[in-house]
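Participant: Single-letter residue listing:
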Amino acid sequence: MAFVEVRNVSKSFASAGKVREVLSGVHLTVEEGEFVSIVGSTGSGKSTLMAILAGLQIPDSGTVTVGGKTVRGIHPDAAVVFQNYSLLPWFSALENVRLAIQAAFPDWPRTRQVDQAKRYLETVGLGKALQKRPGQLSGGMRQRVAIARAFATEPRLLFLDEPFSALDALTRSNLQQVLVKMCSESGKSATAVMITNNLDEALLLSDQIVPMTKGPRSKLGTPIPVKLPRPRTDAQLLHDPLAVRIRAQVVERLAEFVHEGQREARKSVEVPKVAQSKAIEEQL
Amino acid sequence: MGDRIVRFLLPVVGVAFLLFIWAALSANVPDLPSPMKTWEESKVYILQPLEKRGEMDQGIVRLAAYSLFRVAKGFLLGIAIATPLGFVLGLSKVFNRMFDPVIQVLRPISPLAWLPLGLIIFQKSEPAALFTIALCSMWPTVLNTIAGVRTIPQEYRNVAKVLRLSRVQTFTKVLLPATLPHVFTGYRLSLGIAWLVIVASEMLTGTPGVGGFLWQEYNSLIYAHILLCILTIGVVGFLLDRMMGFVEMRLRSI
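Protein sequence lines correspond, in order, to chains A and B.
Going by my numbering, the first sequence opens with residue 100, and the numbers climb by one from there.
Going by my numbering, the second sequence opens with residue 208, and the numbers climb by one from there.
Chain A with its partners taken away, still in its complex shape:
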């Protein structure tokens, strides 16, 4: 049995008297130690899926199991990095990280909790901003704190909900490297599920990429393995023939979804696939 198994998960929301099915029959398996990215355009229910995976929301039907156990509430060994950083503004960077450690390891003496928090903040390059409050930090630095907070609890399972999409391209690329470093440095490799709308990011980090159909009634497509050697760099991904092929494969798959969606909607106009692929890539 895989470490994380999502079976036939569906979720609907009722708003203004209309029931909107966001997820319909989602399947996903993640093996232990694997980094899986779910790629889809905005409005495809990615964040809902993440909330269900993390135990923040309950699916209408279907099950999510982690390590063979059904998810009820937040998994004790899981950590989540949110798109909007979600730091507590009244605490310093150090206190934000220490609070997570305190909750995860209540038996540790305070000094050990502080040391651990310091070490992880230093790893993400914030050794000089320990006492700064989130309000005094830039977006990129805040997300560094959030990443440090997630890793400092030594999670077996990591959920990343569009972790870098609120950042500018340069900061984004820096933080992706931080994440790569953290993943490779955490002794036992953590299992991670990342949701993203950025294909390059997915290629850089993942072992598998799972395309997600456009909502409503989103489904997940067949996973595409990314068997590229690590460490990977942005430049390498642009030129490596295998990387290029995988990218094309994902784009193709996403395009098929749009195609199917259109057929379902009985749209008579057939859009040439190549043009569509381009459009999707631009969307991503």
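Honestly, the hints are just simulated from the structure, not real lab data.
Ideal Cβ positions, reconstructed from N, Cα and C, are used throughout, including at glycine.
Errors might be hidden in some of the hints.
[Said to hold, decoys possible] Capping the alpha-carbon separation at 30 Å, the derived lysine-lysine pairs in BS3-like fashion look like this:
1) B:Lys300 <-> A:Lys117
2) B:Lys368 <-> A:Lys168
3) A:Lys231 <-> A:Lys280
[Unchecked claim] Have a look at the derived ranges for each label pair, beta carbon to beta carbon:
4) A:Gly234 <-> B:Thr379: 17 to 23 Å
5) B:Val375 <-> A:Pro340: 53 to 59 Å
6) B:Leu458 <-> A:Ser160: 43 to 49 Å
7) B:Arg459 <-> A:Ser160: 19 to 25 Å
8) A:Arg119 <-> B:Leu403: 47 to 53 Å
9) B:Thr379 <-> A:Gly167: 18 to 24 Å
10) B:Leu383 <-> A:Arg119: 53 to 59 Å
[Claimed, not checked] One side only, chain A facing chain B, incomplete, derived with CB under 10 Å:
11) Ala153
12) Thr164
13) Gly166
14) Val170
15) Ile173
16) Ala177
17) Ala178
18) Leu186
19) Pro188
20) Trp189
21) Phe190
22) Leu193
23) Ala202
24) Arg248
Put chain B on the given structure of chain A with help from the hints.
Facilitator: Quick look at chain B alone, frame taken from chain A:
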């Protein structure tokens, strides 16, 4: 430079305008003392602010201190009840549904109505006054705390869930800091009301303080001292509000 002078002068003009209205009124109303007469008859209270000559015949700062002390006790009692009540009602929909009508009915009741009830219950004027101050001043704190708890961003709630904070940790590390600015807005409004109520309660119970003094001087036909008391009440209330506003601003800036 000129800007600063204007900024200093404008309030002076406002005060002068008020004095002018007052003087004009006193020229036409026989029993209303003019500003000059008020000063002449009151200056002993202002120039010897801490003097104690009799139970009511005391310097104005001393009288104000009695009132402030009483307000502090009533206000602290009020918020000691109101703050936890606000949290409970903010967190529990059931309790809120249960008690919302009660709050809405009790809230508009005037201190003048509560005070006799307090006298019946406690038989003494001092606890009756505290009872009245507490009951009248607690509502803004209750309502603001409820609003504060309700409006905590989902983001912070998610942090508490994802970090698997205990109930106590969730309360002290997330809920309390997130609602504190709202709670303090409640405190500021509550203190304002407590200060309004003190005068009414001192008038009715005849206890020493600014309100008690005001009522005694009215009965002794020394009208200048009424104006002295009114001005004192206004200035003290203004200072209290400024003080709380300052604390509130510091909290919000976090």
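Participant: Determine for every hint whether it applies to the structure shown.
Facilitator: Verification of the hints:
no. : hint                              : verdict
1   : B:Lys300 <-> A:Lys117             : 25 Å, holds
2   : B:Lys368 <-> A:Lys168             : 19 Å, holds
3   : A:Lys231 <-> A:Lys280             : 23 Å, holds
4   : A:Gly234 <-> B:Thr379: 17 to 23 Å : 21 Å, holds
5   : B:Val375 <-> A:Pro340: 53 to 59 Å : 57 Å, holds
6   : B:Leu458 <-> A:Ser160: 43 to 49 Å : 45 Å, holds
7   : B:Arg459 <-> A:Ser160: 19 to 25 Å : 44 Å, violated
8   : A:Arg119 <-> B:Leu403: 47 to 53 Å : 51 Å, holds
9   : B:Thr379 <-> A:Gly167: 18 to 24 Å : 35 Å, violated
10  : B:Leu383 <-> A:Arg119: 53 to 59 Å : 36 Å, violated
11  : Ala153                            : 7 Å, holds
12  : Thr164                            : 19 Å, violated
13  : Gly166                            : 16 Å, violated
14  : Val170                            : 13 Å, violated
15  : Ile173                            : 5 Å, holds
16  : Ala177                            : 8 Å, holds
17  : Ala178                            : 7 Å, holds
18  : Leu186                            : 8 Å, holds
19  : Pro188                            : 7 Å, holds
20  : Trp189                            : 4 Å, holds
21  : Phe190                            : 8 Å, holds
22  : Leu193                            : 14 Å, violated
23  : Ala202                            : 5 Å, holds
24  : Arg248                            : 8 Å, holds
When held up to the earlier numbered hints, the structure conflicts with 7, 9, 10, 12, 13, 14 and 22 and fits the remainder.
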